[in-house]
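These protein sequence lines map, in sequence, to chains E and V. Heads up: the first sequence at position 325 corresponds to 325 in the numbering used here, and the numbers run straight through without jumps. One gets the numbering used here by counting positions in the second sequence from 1 and adding 1000 to each.
Derived from the structure by calculation, the hints contain no laboratory data. Virtual Cβ for every residue (Gly too), placed ideally from N, Cα, C. Keep in mind that a hint or two might mislead.
Cβ-to-Cβ under 10 Å is the rule here; a few derived chain E residues that face chain V [stated by the list, open to error]:
1) Ile52
2) Asp133
3) Ala200
4) Ser210
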Amino acid sequence: MRKRVLMNGNDAIGEGAIRAGCEAYFGYPITPQNELTSYMANHMQAHGRVFIQAESEVAAVNMVFGAAVTGRRAMTSSSSPGISLKQEGLSYLAAAELPSVIVNVQRGGPGLGNIAPSQSDYFQATKGGGHGDYHLIVLAPYTVQEMHDFTIDAFALADRYRNPVMLLTDGRLGQMMEPLTLYAGRPQKIPAKPWALTGAKGRKPNHIRSLLLEDGALEQRNLHLQAKYKTILNELVGYDEYLTSDATVLVVAYGSSARIARGAIDQARAKGVKAGLLRPITLWPFPRARIRQLAGKVRGILVVEMSAGQMIEDVQLSAGDRVPLAFEGRMGGGIPEESAVVRAIQRLAKPPQRSARK
Amino acid sequence: MSPSRKPTQASRRSVYHRPVSLVNKPTHFCPGCGHGTAHKLIAEVLDSLKIREKTIGVAPVGCAVMAYYYLNCDISEAAHGRTPAVATGIKRCLPDRIVFSYQGDGDLAAIGMAETIHAANRGENITVIFVNNSVYGMTGGQMAPTTLSGQKTVTSPCGRDAHTMGSPIRVCELLNTLDAPWHIERVALDSPAGVRKTRKALLTAFKGQMEGKGYSLVEILSPCPIHMRLSPLEAVRFVKEGMVPAFPLGVFRREGKPVA
Chain E
1 MRKRVLMNGN
11 DAIGEGAIRA
21 GCEAYFGYPI
31 TPQNELTSYM
41 ANHMQAHGRV
51 FIQAESEVAA
61 VNMVFGAAVT
71 GRRAMTSSSS
81 PGISLKQEGL
91 SYLAAAELPS
101 VIVNVQRGGP
111 GLGNIAPSQS
121 DYFQATKGGG
131 HGDYHLIVLA
141 PYTVQEMHDF
151 TIDAFALADR
161 YRNPVMLLTD
171 GRLGQMMEPL
181 TLYAGRPQKI
191 PAKPWALTGA
201 KGRKPNHIRS
211 LLLEDGALEQ
221 RNLHLQAKYK
231 TILNELVGYD
241 EYLTSDATVL
251 VVAYGSSARI
261 ARGAIDQARA
271 KGVKAGLLRP
281 ITLWPFPRAR
291 IRQLAGKVRG
301 ILVVEMSAGQ
311 MIEDVQLSAG
321 DRVPLAFEGR
331 MGGGIPEESA
341 VVRAIQRLAK
351 PPQRSARK
Chain V
1001 MSPSRKPTQA
1011 SRRSVYHRPV
1021 SLVNKPTHFC
1031 PGCGHGTAHK
1041 LIAEVLDSLK
1051 IREKTIGVAP
1061 VGCAVMAYYY
1071 LNCDISEAAH
1081 GRTPAVATGI
1091 KRCLPDRIVF
1101 SYQGDGDLAA
1111 IGMAETIHAA
1121 NRGENITVIF
1131 VNNSVYGMTG
1141 GQMAPTTLSG
1151 QKTVTSPCGR
1161 DAHTMGSPIR
1171 VCELLNTLDA
1181 PWHIERVALD
1191 SPAGVRKTRK
1201 ALLTAFKGQM
1211 EGKGYSLVEI
1221 LSPCPIHMRL
1231 SPLEAVRFVK
1241 EGMVPAFPLG
1251 VFRREGKPVA
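Just need the whole structure built from these sequences, with the hints factored in.
So, in structure tokens, the structure goes:
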């Protein structure tokens, strides 16, 4: 058996990035992701790689832009308010098709909010966030092991699709410690990047641009991006299921909320309600087809989030009106109680009651 | 030499040719604009140092973004003001390449001031070329951080009022308070001599970077006739008589030391 280590989620991301061949990390202090920045400060230089504590989140994401321009694997991390500041950079990275990894260890919002875990940046992560028609690939880990593994996947996906990839997690997963097995495989093969800027030696100059003023050029770029997003939609959807085969109530939850949902499902089953969990692993692309399929087999769908209800809109789009949809969630750093989730499952499991009086 | 005379060997010797680092096409810049001259000087320096094939430029938002149309080297765009951050990312990943940014006054001294100061303070081994023409060009002549006191722009229609709009920011002097920069110099495209001095300043800066000396910034005072609301000749006079007194020329930092 391979050696297990005990790590917090933020450090596990950092170690994942190093093992994925991340050549440059740029960060700025913000709680609850500070362990990651200091992990990179301690380990990147030791590996002869680039670490800079930038003057701002804005500068950090643009340093990632510069590093990605050279074809090197690069990453930045932050938490919600800082991720808001990075949105301009994310739009530019997506527009210029620069592979890059962005970690959001979410905290409560809006505004400065607090430093407790939250999932209220779902819209921002999956619907754009910055300006223009673009998408990030968004991965949602739910264990410290997945924090590590998905970071490694994120670099591979960024290179494969020439697209920024966001790891969307939260302060709870960032701070908590769990045993995990570190990636010990061979270093990933990084694809050739003939578009990278390395100096125009023996070739025509390369340009990295997102300003396209020539007639029709920007529309063409957009059509190209949309075609790529369609490929991603077809190839990349990832999700995990728990006890869905005989479920009468489907719970949809990701990240920290999925851990709570899993416990609630076990409790509900002990009380005789057959509940099951669909946990999206890719939040964009969203597992729409599978949710639609499961919606035809259950009596109700419960969405659990640490937000006012954001992912529920995608669940609704997937399931349509075929089945009642309920929501259980808390905001501002509150964590849903397992017992509350169990009660919500039980409510959905009851057959629709006819009114006694007529 | 009369046209009828047969040229001798000596007279056939090339005395001037287009730099290889400059793309052979007319610029779209407005008549009398300084960007074309600045581009040519950069191209001449890349040629003379034989670094075109290892140079990566960063061009941000504004008229400066068009650099990739004219400079025959690898160039990346940058978001408005983020130019030194992008240049930092490139240089740290490829320390043996030559990295320069080409920025206007709005980019460098307004929206990108934080990135400007911190890249300088880290002593990034990059060359920052700062084209100061006292006004926003591409967006239509708005007030810049370097607009002179009293200067009329579309957003300071009664003239820049120091009490409510601030005074022009002197970037070289500001950066010269930092420990790290290696070379800081201000020049002006206000005369043939000024053009030659500008070329020399760029040469010093790029050469320093090649030798790993660290951060260099060359501020080029440059005419923008359209938004200075002057003829091309008057605009050059405005640079000389209006801008130079507000932005004194010279070397502020040489070999890493402030020039007294």
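Now for the hints, and whether the structure bears them out:
1. Ile52: Holds, about 7 Å.
2. Asp133: 18 Å, violated
3. Ala200: At about 5 Å, which falls below the 10 Å cut-off, the nearest Cβ of chain V leaves the hint on alanine 200 of chain E intact, so it holds.
4. Ser210: At about 6 Å, which falls below the 10 Å cut-off, the nearest Cβ of chain V leaves the hint on serine 210 of chain E intact, so it holds.
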